[in-house]
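Could you put the whole structure together from the sequences, leaning on the hints where they help?
If you read the sequence shown in the working numbering, its first letter stands for residue 674, the second for the next number, and so on.
Hints were generated in silico from the structure; no laboratory data involved. Hints should not be assumed to be uniformly reliable.
To be verified - Below 20 Å or equal to it, Euclidean Cα-Cα: the simulated EDC-like pairs (lysine to aspartate or glutamate) are:
| id | residue 1 | residue 2 |
| --- | --- | --- |
| 1 | 731 | 750 |
| 2 | 808 | 750 |
| 3 | 675 | 740 |
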Amino acid sequence: MKTILFFTIGTFFGITLYMSEVSSWFRIYEMFQFNAFHMYGVIGTAVFLGVIITFSIKKLKIKSVLDQRPITIPNKETGWKHYLFGGIIFGGGWAISGACPGPMYSNLGAGFLPIIVVIFAAIFGTFVYGVIRPKLPH
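Structure below.
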């Protein structure tokens, strides 16, 4: 049952990304050139909704839909270096490939097969991070 639910939500999310042109490399190019507000509006809306939803979950003590357990969100450790370096690496990959993780799979679902190279590169990068993670400051 969980698999069907997650597959349905993921499919809806992918269609939404594609229809809103968030997965378009041209929209991402416009964003990094500061030529259009489209992507900043989408990202800003997502951040705003994320803050509101997270606040609501914490204050209203909302329970999980699947097993009715309370949702707990642990506090994050303070620091800035890991966010700065991680953001530079993530943003660099986003600028080079023209896609972040969600739109990569949305583009694959839309039939843009060259994105397979980017997906494999992202998976390889994740593997490399897993290997060197113990040596990194956390």
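How the hints compare with the structure:
Between residue 731 and residue 750 the alpha-carbon distance is near 17 Å, which keeps this suggested pair within the 20 Å criterion. Taking the CA atoms of residue 808 and residue 750, the gap is near 19 Å; set against the 20 Å cutoff, the hint holds. Taken as a hint, the residue 675 and residue 740 pair is honoured in the structure, with Cα atoms around 11 Å apart against an allowance of 20 Å.
The structure shown violates none of the earlier numbered hints.
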